[in-house]
Amino acid sequence: MDESNHWYGHSRILARYCGLPDEAPKRIQGYLQHGWNYLHGFPPNDHWCSPGYPRFIWSDTLRRRGWSMGRRGHYLIGAPWIYLLHQEPDLGVRPDREGTIWYPFHGWEKSSVSGDHGRLADEIRNVETGPVTVCLYWLEFANPDIRQAYKSRGFRVICHGDRGSRWDGKGRDFLRKQLVELRRHRRVASNRLGSALFYGASVGCETAVYGDPMQFEDERPEYGGTARRMRLWPEMHGTSVDPELAVEVARQELGFEYQATPEELRRMFGWKRARAAAPPSGTTTRRHEAATRRERRPAMAALQQPEAERPGRRERRADRPSASARQNPPRGAKP
Amino acid sequence: MNEAPENVRLIGGEMLLWSDMSAVAGVTEWQGAALELIRRLLPAGGRVLLVGPHPQPLVDEVVANAAAAAVLLRSFPDACALGERHPDLTVFCGRLEALDVEEPYDLVLALDGLLRTHSAEAPASAWKESLAALAGLVAPGGRLALGVRNDLGVDRFLEARPAGREGGDDQWAPHGFDPSYPSGPEALDQGIESAGLTLRRSYAVYPDRQAPRSLLSREALAHDLPDALAFTLSAREDERTLVADPLRLTRLVFRHRLGERLAPMWLAVATRPSQTPEAPEEPEELPLGLVEEKAVLYELTPAGARRLPDGGERPVPAGRVVEEILVEACAREDVKTVREVLTDLAAWLDEGGEVSAATDSLVHDGERFAAIGPPTGLPYPTDPRVALCRILRRFAVRLLAAGHHHPWPWPLEADQLTLTLCAMAGRDCDQGDLDRARKLEAELGLPAEPAEHAPTYRDLLRARDRLTEQLAAAVARISRLETKLSYRERELVRAKAKLRRTQRKATAYRRTLGYRLTRRLARPRKVARRVIRLLSG
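In order, the protein sequences belong to chains L and G.
For the first sequence, the residue numbers in the numbering used here are 1 to 335.
For the second sequence, the residue numbers in the numbering used here are 1 to 537.
It is worth saying that the hints were derived from the structure and are not from the lab.
Some hints here could point you the wrong way.
One-sided excerpt, in silico: chain L residues whose CB lies under 8 Å from chain G [as the list claims (entries may be wrong)]:
id	residue
1	Thr61
2	Arg64
3	Ser68
4	Arg97
5	Gly107
6	Trp108
7	Glu222
Listed below are several chain G residues computed to face chain L (Cβ distance under 10 Å; list not exhaustive) [claimed, not checked]:
id	residue
8	Ala122
9	Pro123
10	Asp170
11	Gln171
Distance windows between CB atoms, simulated [said to hold, decoys possible]:
id	chain 1	residue 1	chain 2	residue 2	range
12	G	Ala244	L	Trp48	40 to 48 Å
13	G	Leu400	L	Gly70	38 to 46 Å
14	L	Pro221	G	Gln56	50 to 58 Å
15	G	Pro179	L	Phe216	29 to 37 Å
16	L	Asp46	G	Gln56	27 to 35 Å
17	L	Ile158	G	Gln56	53 to 61 Å
18	L	Asn45	G	Gly176	53 to 61 Å
19	L	Gly70	G	Asp310	22 to 30 Å
20	G	Pro455	L	Gly19	55 to 63 Å
21	G	Ala64	L	Pro234	31 to 39 Å
22	L	Pro234	G	Ala222	48 to 56 Å
23	L	Trp108	G	Gly26	38 to 46 Å
24	G	Gly196	L	Glu248	27 to 35 Å
25	G	Ala64	L	Asn45	40 to 48 Å
Cβ atoms here follow ideal geometry from the backbone N, Cα and C, with glycine treated the same way.
The shape of chain L in the complex, shown without the other chains (with noise of 0.2 Å):
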């Protein structure tokens, strides 16, 4: 369906979950969420999204905001990092968590973000007591000098790796890799809020948000910027925050509650045999199926049923012209 739906090997782990094999994995009859935002789940040009093909979205939250924008056909199943978490209960689980990762912001293929590397690591080290492991992305990771800019302080410069797509498996492991990171440090920090700090709360990191927030080249208006990731989570910033809450708010955000069951999601992802064209909802799906057993039967009656019930159901629908004439006479055409 889209690209998208396989970043991050986001649809390797739901085909995983759905026990499907995960080498080559299948089309999603939809959109899948693939980051976190405080939008309505997709970037304010969504366009690409065409109606009539179901969003899969992670909290409720977006769906309001989404309908709100004039966005139909959402359907929430959290984010794909739950159902890791679900496949994966003791990956890289140790006693001994120390030190901070952290993530810097990051820019993406199509657009850059714009700040001080150097002024951000020498904060870090001004407020991390512990080893940090730094994590950037492959686009920042290949760029020495950012990369010099954190290793100069003393800090592990790490990459999950590409984000992949359906074809290679280069971003297959990449949020397995992250989980394993993430349960081997005490705590995950950003200097913004984001997937990777919602994910660190949700295995038990503490978390912080501090730094220079960094700009995106041409940063969407509708998002609200910085101001209002403040507003909506002012208790998630800050050098250290309350652990407690910051679980609560990432099991909101990467919608744990909406966790589906894997025939669930096969259903949903046109996954099944019996392939649905991806309705929104539900019911069409079951509409559309009961529609293909319909269409198969015939034949497959003819096969098996016996002689003696078959003129019973030429009468029937030999009834049926007759019937119609009798229901729609010309009115008034007597004369």
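Guided by the hints, dock chain G onto chain L, whose structure is given.
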């Protein structure tokens, strides 16, 4: 987008990309009646809070007259626009439950109700919770005016497509599933009491919740409402598809004394008891009712009505609306009554009756006519015959447009029907009078033709039935003609065959020897006769 004027305060739950001004439902157009009520509620030197979207004239009025005013809106663009318009006004932007004020207000106005105080940023709270939050903003001794849409209002019966079920952009949490929402006037009273407020007066709001014009208190509706009042309390919007003509249904509502229970909206005025119970109760000055009719505001009084701002009190004219008397008579094909009423009407006009009156704005109590609304004076006297012609033309147009049954047997144009009606009133009018009547109509600014409406569902059903009947008749006629045609064709075939037979006989006769011989013998004689004629001529 994020640079708000200084007087706009974001309190949480603000909707960045949303406006209640342009949204599907739009702002409730409170007009004269609500303004008048607010004028009476405004405390001298008090602080006023407006909760939810209100029309601009109302906000302007409050800002101009209150010592300190604040507004709560959920939409960020609306809040910014209002903040820019009124730099002294405090504009809170966000959801009601998130509003935390230091000092409560002497008057809280939530005429739009509580539904639009919720925001998409948080789950919608129940009506009772919102009311509790609202009541918390009222200072002891302060007042609250709260609008509440009736889920079983007469307008709900009329809508072909209920707005709440259309899945518009404002329906992220559709209304109608909240068990704490008031299910009637009593439930509303209870809700207000349990929020710690004392109800002062409860008004039924008519004619609809988009543009309310009249407020009628429970006390005023306890008795039969005079027809002259009830007739004006229905409205017809142009855009919405309706199930039925609102006029008839609303009339029934009042006749059955369900005016309060089936009001499209209620407006409750309540006070928070003051903390010093020994303080004397201030005398209640809330009006019994406020009715707006053609931009003129009347206040209902126990004895009648008073024209505002400074008119004298006079009783509401009794009697039935003339149009209803006539329509009823037409339905019974009772031409005698029509003749009598029209004759009386003509006589009344001759004696100097109101020229700008119409059958739908006149009441008749069996003896006298009385105009419902204020007169529209003309600078010069008018021929009563032309005035009658205008009134009857208006009635004819309305009668035909509404599709009422009438006794005049052939399909009539309105003009022809008008002349017939004039004749029934004993005044012989002609085309010239009709033209003058049209001119008078234009001068008065009261067009006879009702505005273009989308047909109601019942109109459509009736039109379909009528077309079915016409089609049946046409089919019957065609079938009769077909039979006739077949008969004629058969006749024609028979006649043709007869002709052919005769022709064949004639040919055979010409071929006979006797015939040919006679022709031969005759020829020399013919030649000789021609020669003789030539020679002699």
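**Request:** With respect to the beta-carbon atoms only, verify the hint that L:Pro221 and G:Gln56 lie 50 to 58 Å apart.
**Result:** violated (26 Å)
**Asked** Should the hint that L:Gly70 and G:Asp310 are 22 to 30 Å apart at their CB atoms be regarded as holding?
**Response** Distance hint for L:Gly70, G:Asp310 is violated at roughly 50 Å.
**Request:** Evaluate the given range 38 to 46 Å for the C-beta pair formed by G:Leu400 and L:Gly70.
**Result:** holds (43 Å)
**Item:** Hint check, L:Glu222 versus chain G [nearest Cβ-Cβ separation less than 8 Å]
**Value:** holds (6 Å)
**Request:** Could you tell me whether the CB distance from G:Ala244 to L:Trp48 stays inside 40 to 48 Å?
**Result:** Holds - the Cβ-Cβ distance for G:Ala244 and L:Trp48, about 45 Å, lies within 40 to 48 Å.
**Asked** Once the shortest beta carbon distance from L:Trp108 to chain G is found, is it less than 8 Å?
**Response** violated (23 Å)
**Request:** Just tell me: holds or violated, for the beta carbon distance of G:Ala64 and L:Pro234 against 31 to 39 Å?
**Result:** At roughly 37 Å between Cβ atoms, L:Pro234 and G:Ala64 fall inside 31 to 39 Å, so the hint holds.
**Request:** Mind checking the hinted window 29 to 37 Å against the Cβ distance between G:Pro179 and L:Phe216?
**Result:** violated (45 Å)
**Outcome for the supplied range 38 to 46 Å, where the beta carbon pair is L:Trp108 and G:Gly26** = The hint (38 to 46 Å, Cβ to Cβ) holds, given that L:Trp108 and G:Gly26 are roughly 40 Å apart.
**Asked** If you check the beta carbons of G:Ala64 and L:Asn45, does the distance land in 40 to 48 Å?
**Response** Check passed, 43 Å falls within 40 to 48 Å.
**Request:** Answer holds if the nearest beta-carbon of chain G is closer than 8 Å to that of L:Gly107; otherwise answer violated.
**Result:** Given a least distance of 22 Å, the restraint on L:Gly107 is violated.
**Message:** Tell me if the beta carbons of G:Gly196 and L:Glu248 are separated by a distance inside 27 to 35 Å.
**Reply:** Holds, since G:Gly196 and L:Glu248 (Cβ atoms, about 32 Å apart) stay within the stated range.
Going down the numbered hints, you'll see the structure goes against 4, 5, 6, 14, 15, 18, 19, while the others check out.
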